[in-house]
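Chemist: Those protein sequence lines, which keep their order, are chains A and B.
The first sequence begins at 1 in this note's numbering and counts up one residue at a time.
The second sequence begins at 1 in this note's numbering and counts up one residue at a time.
Careful, some of the hints might be misleading.
Listing some non-contacts, in silico: residues in chain A with all C-beta distances to chain B over 12 Å [as the list claims (entries may be wrong)]:
hint: 1; residue: S42
hint: 2; residue: I46
hint: 3; residue: H47
hint: 4; residue: R51
hint: 5; residue: I52
hint: 6; residue: R116
hint: 7; residue: L137
hint: 8; residue: E180
hint: 9; residue: K184
hint: 10; residue: K188
Not everything, but these chain B residues come out facing chain A in the computed CB check (under 7 Å) [as the list claims (entries may be wrong)]:
hint: 11; residue: R122
hint: 12; residue: I318
hint: 13; residue: L319
hint: 14; residue: N321
hint: 15; residue: D412
In silico BS3-like links for lysine-lysine, alpha-carbon gap of 27 Å or less [unchecked claim]:
hint: 16; chain 1: B; residue 1: K256; chain 2: A; residue 2: K145
hint: 17; chain 1: A; residue 1: K81; chain 2: B; residue 2: K302
hint: 18; chain 1: A; residue 1: K153; chain 2: B; residue 2: K302
hint: 19; chain 1: A; residue 1: K127; chain 2: B; residue 2: K302
hint: 20; chain 1: B; residue 1: K256; chain 2: B; residue 2: K198
hint: 21; chain 1: B; residue 1: K197; chain 2: B; residue 2: K459
hint: 22; chain 1: B; residue 1: K302; chain 2: A; residue 2: K149
hint: 23; chain 1: A; residue 1: K34; chain 2: B; residue 2: K302
hint: 24; chain 1: A; residue 1: K89; chain 2: A; residue 2: K127
hint: 25; chain 1: A; residue 1: K21; chain 2: B; residue 2: K302
Just so you know, the hints here were simulated from the structure itself, not pulled from any lab data.
These numbers come from a predicted model, not from an experiment.
All C-beta atoms, glycine included, are put in the ideal place defined by N, C-alpha and C.
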Amino acid sequence: MAEKKKFVDGIWEPNLDRARKVRIERDIVSVLQKVTIFEGLSPREIHDIARIAHHRHYGEGEAIIHQGQASAGMYIIVEGKVQVTKEWKDGTIVHLTTLEAGGFFGDVGLLDNAPRTATVTAVRDSKIIGFFRPELLGLMDSDPKLASKLVFKLAEVLARRLRYTNNELEKAQQDIDRLEAAQKDSTKTDTQPLI
Amino acid sequence: MNNPSDDSTKLHSSSDEAVNRVQPQQSSTDTPALATETITPPISNPELATPAAQTLTRESVEQTRQLRTVSAMLKLVVLGIVLGALALSIGLIYLVRDILALVLVSFLIAYILGPIVDALERRRLNRTLVVVIIMLAILCGFATFSTLAVSSVAEQVTKIHDDIRNKGTGDLIVSMVVNRLDSLPDLLLAPLLSYLKKSEESNETLQETTNPDDSPLTSKKDGVIELKLAEPTNAAAVRHEKLSRLVRLAQEQTLKYISNQSEQIVSMLSNSARGAFSAFTTGIISLFLTFFLLNDAPRLRKAFIEIVPNRFFEPMLILVNQLDQQLGSYLRSRLIQTAALSIFFALGYWILGLRFAITLGIIAGFANLIPYIGPFIGAVPALIVVFLGSHLSLGWGLLVILGLTLTAQLIDNAIIFPLIIGKSVELGPVMTIVVVLLGERFLGLVGLLMAVPIAAMLKLIFQEIYTEFRGYTRSIVHGN
Numbered sequence: 001m002a003e004k005k006k007f008v009d010g011i012w013e014p015n016l017d018r019a020r021k022v023r024i025e026r027d028i029v030s031v032l033q034k035v036t037i038f039e040g041l042s043p044r045e046i047h048d049i050a051r052i053a054h055h056r057h058y059g060e061g062e063a064i065i066h067q068g069q070a071s072a073g074m075y076i077i078v079e080g081k082v083q084v085t086k087e088w089k090d091g092t093i094v095h096l097t098t099l100e101a102g103g104f105f106g107d108v109g110l111l112d113n114a115p116r117t118a119t120v121t122a123v124r125d126s127k128i129i130g131f132f133r134p135e136l137l138g139l140m141d142s143d144p145k146l147a148s149k150l151v152f153k154l155a156e157v158l159a160r161r162l163r164y165t166n167n168e169l170e171k172a173q174q175d176i177d178r179l180e181a182a183q184k185d186s187t188k189t190d191t192q193p194l195i
Numbered sequence: 001m002n003n004p005s006d007d008s009t010k011l012h013s014s015s016d017e018a019v020n021r022v023q024p025q026q027s028s029t030d031t032p033a034l035a036t037e038t039i040t041p042p043i044s045n046p047e048l049a050t051p052a053a054q055t056l057t058r059e060s061v062e063q064t065r066q067l068r069t070v071s072a073m074l075k076l077v078v079l080g081i082v083l084g085a086l087a088l089s090i091g092l093i094y095l096v097r098d099i100l101a102l103v104l105v106s107f108l109i110a111y112i113l114g115p116i117v118d119a120l121e122r123r124r125l126n127r128t129l130v131v132v133i134i135m136l137a138i139l140c141g142f143a144t145f146s147t148l149a150v151s152s153v154a155e156q157v158t159k160i161h162d163d164i165r166n167k168g169t170g171d172l173i174v175s176m177v178v179n180r181l182d183s184l185p186d187l188l189l190a191p192l193l194s195y196l197k198k199s200e201e202s203n204e205t206l207q208e209t210t211n212p213d214d215s216p217l218t219s220k221k222d223g224v225i226e227l228k229l230a231e232p233t234n235a236a237a238v239r240h241e242k243l244s245r246l247v248r249l250a251q252e253q254t255l256k257y258i259s260n261q262s263e264q265i266v267s268m269l270s271n272s273a274r275g276a277f278s279a280f281t282t283g284i285i286s287l288f289l290t291f292f293l294l295n296d297a298p299r300l301r302k303a304f305i306e307i308v309p310n311r312f313f314e315p316m317l318i319l320v321n322q323l324d325q326q327l328g329s330y331l332r333s334r335l336i337q338t339a340a341l342s343i344f345f346a347l348g349y350w351i352l353g354l355r356f357a358i359t360l361g362i363i364a365g366f367a368n369l370i371p372y373i374g375p376f377i378g379a380v381p382a383l384i385v386v387f388l389g390s391h392l393s394l395g396w397g398l399l400v401i402l403g404l405t406l407t408a409q410l411i412d413n414a415i416i417f418p419l420i421i422g423k424s425v426e427l428g429p430v431m432t433i434v435v436v437l438l439g440e441r442f443l444g445l446v447g448l449l450m451a452v453p454i455a456a457m458l459k460l461i462f463q464e465i466y467t468e469f470r471g472y473t474r475s476i477v478h479g480n
């Protein structure tokens, strides 16, 4: 893993003037609108989510989530780039993917607090929005309609992933069957006597 | 921008992409890199191992030993720092306990009223306006209650004070109390009579009595002070005489105490106006604190989370949420419990025909907030009311009130507690008592009531810190 140069605490500049704050909010709203889970929400609803979400700033090389840590929610990348890695039991670290602005990860963490399955690290200085389970549960009290829309969208994303995983599993099973059949045929050919 | 559906599936399609396998870092120098405990394969028979393998095994064992030593030293250092910080914190808390109690009360009021403000804010009402209205309502209610209660209590205290000083009423009260005490068995009276004997032996009553007519032992007749030589003819009369002397002794000591206290209060108020002013400013400060805590609660919470470093951000978020749930659950359940028990006691006292049944019920309900000893403390005012004058005899009054208290405890433990409070706070009985005593010592009445939930929250915080720190020290020692 790249050497960690410096770490930045999760505080955005505290003395922003109002115009800058409005501009930043607009940027955040435009990013959120493109996230699958927030598709179809009205601008007011996106604003409500942006207001209750947490804004964090991660420096290059800084870990955002750690594999094995209890999950609290999802993250959306406003600016920057992150890499997703997974450590196997033998210590091998596998790079899974890289995400850029507009990408999101950890959405399953909104539903339960199971341990994270991968580590996500900032490749360069990044601004991230965190939307967490306590906020979602609070939203269920304060705005049940919006909360149910979010939960439904989350279910859609998970259903799509499950279908994809099933398809991949089926393909893998077919590949295995094909390989086994080919191996059987080659064994039969080898045992036939030469005439 | 990444296609979200691709993003969501990329995590599961690593076989379709070029995968970069990253091996654990190894030092290029001759000495081996920092070893973990499993870097060398296990050797079943060391004698069969090659010299190089034996050397490597010895080095690995040595490094593992060093790692363990470093880990143990680190833990000791951390423990020392934690204990030092704890001692310092306790000292600071003790120094600023008055301010802390004020902040805690304001926080408590704000926390209880928070859900009401949130509910009204959801109906698109301005939060600040809602808070202002609620605070004004509380202020008006408090002012009304204070005016009525204080004037009523002041009137009654003045009446009691005058009655005690008035000889005729005083004699009536003494006679009534003596008759009540006379009905008690000797076993219960033994300590009181022993106290009387000691007081008389030290001659305090003779010296402090200014009017021989008031003294139980002397009387003035034709200008001559004579000893009242009581020559009782039977044991019952002897007992009655002793009880009369005891009650008169108590009356004199009470009057002397009240007189001393009044002088002290007058002296304090006349020498410095700080007393009354201090109480007023404390109330105002508490009001403003509550207002700001209520109004800015969501912002304060978010600001607190924002200052947490990234490494501890998620665990802190989970911890704060757990604390919020635990405290909220505890306060709500205790409020319901207090209300239910207050109603139960008020009904019970009303059925018994006691005066001030509602007030006594509320006192008993609130006293139940104090673990274990609270219910018995709450029964004392009712016992005093029975003692001072009720259609119930003392014995029956004691029995009935005790029965009522035990019934309330049974209902509380069997129904209310399991249903409402449950396991919201998991502290053992010994720990609970210790914590309550410490709370009372540090923060008085507020500490008495809030000690248990604060202790439970501290326990949760330390558990989370320990869990997180274990992972942190491992990463320092093993370099990952």
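Chemist: Close enough to count: is the Cβ of R122 of chain B nearer than 7 Å to one in chain A?
Modeler: holds (5 Å)
Chemist: Is K153 of chain A close enough to K302 of chain B, meaning Cα to Cα at most 27 Å?
Modeler: At roughly 26 Å apart (the allowed maximum being 27 Å), K302 of chain B and K153 of chain A satisfy the hint.
Chemist: Beyond 12 Å from every Cβ of chain B: is that where the Cβ of I46 of chain A lies?
Modeler: holds (16 Å)
Chemist: Given the hinted pair K127 of chain A and K302 of chain B, is their alpha-carbon gap at most 27 Å?
Modeler: holds (17 Å)
Chemist: Verify the proposed pairing of K197 of chain B with K459 of chain B, using a straight-line Cα cut of 27 Å.
Modeler: violated (51 Å)
Chemist: Is the straight-line distance between the alpha-carbon of K81 of chain A and that of K302 of chain B 27 Å or less?
Modeler: holds (25 Å)
Chemist: Does the structure keep K256 of chain B and K145 of chain A at a Cα separation of 27 Å or less?
Modeler: Not OK: K256 of chain B and K145 of chain A at ~70 Å, beyond 27 Å, violated.
Chemist: Quick check on the hint: D412 of chain B CB to chain A CB, less than 7 Å?
Modeler: At about 29 Å, which exceeds the 7 Å cut-off, the nearest Cβ of chain A leaves the hint on D412 of chain B violated.
Chemist: Just want to verify: R51 of chain A was marked as not at the interface with chain B; is every Cβ pair farther apart than 12 Å?
Modeler: violated (9 Å)
Chemist: Minimum C-beta separation from I52 of chain A to chain B exceeding 12 Å: can you confirm that?
Modeler: violated (8 Å)
Chemist: Would you mind confirming whether the straight-line C-alpha gap from K256 of chain B to K198 of chain B stays at or under 27 Å?
Modeler: holds (19 Å)
Chemist: Check whether the Cα positions of K89 of chain A and K127 of chain A lie no farther apart than 27 Å.
Modeler: Status violated; Cα separation ~31 Å.
Consistency note: the structure conflicts with the earlier hints numbered 4, 5, 6, 7, 13, 15, 16, 21 and 24.
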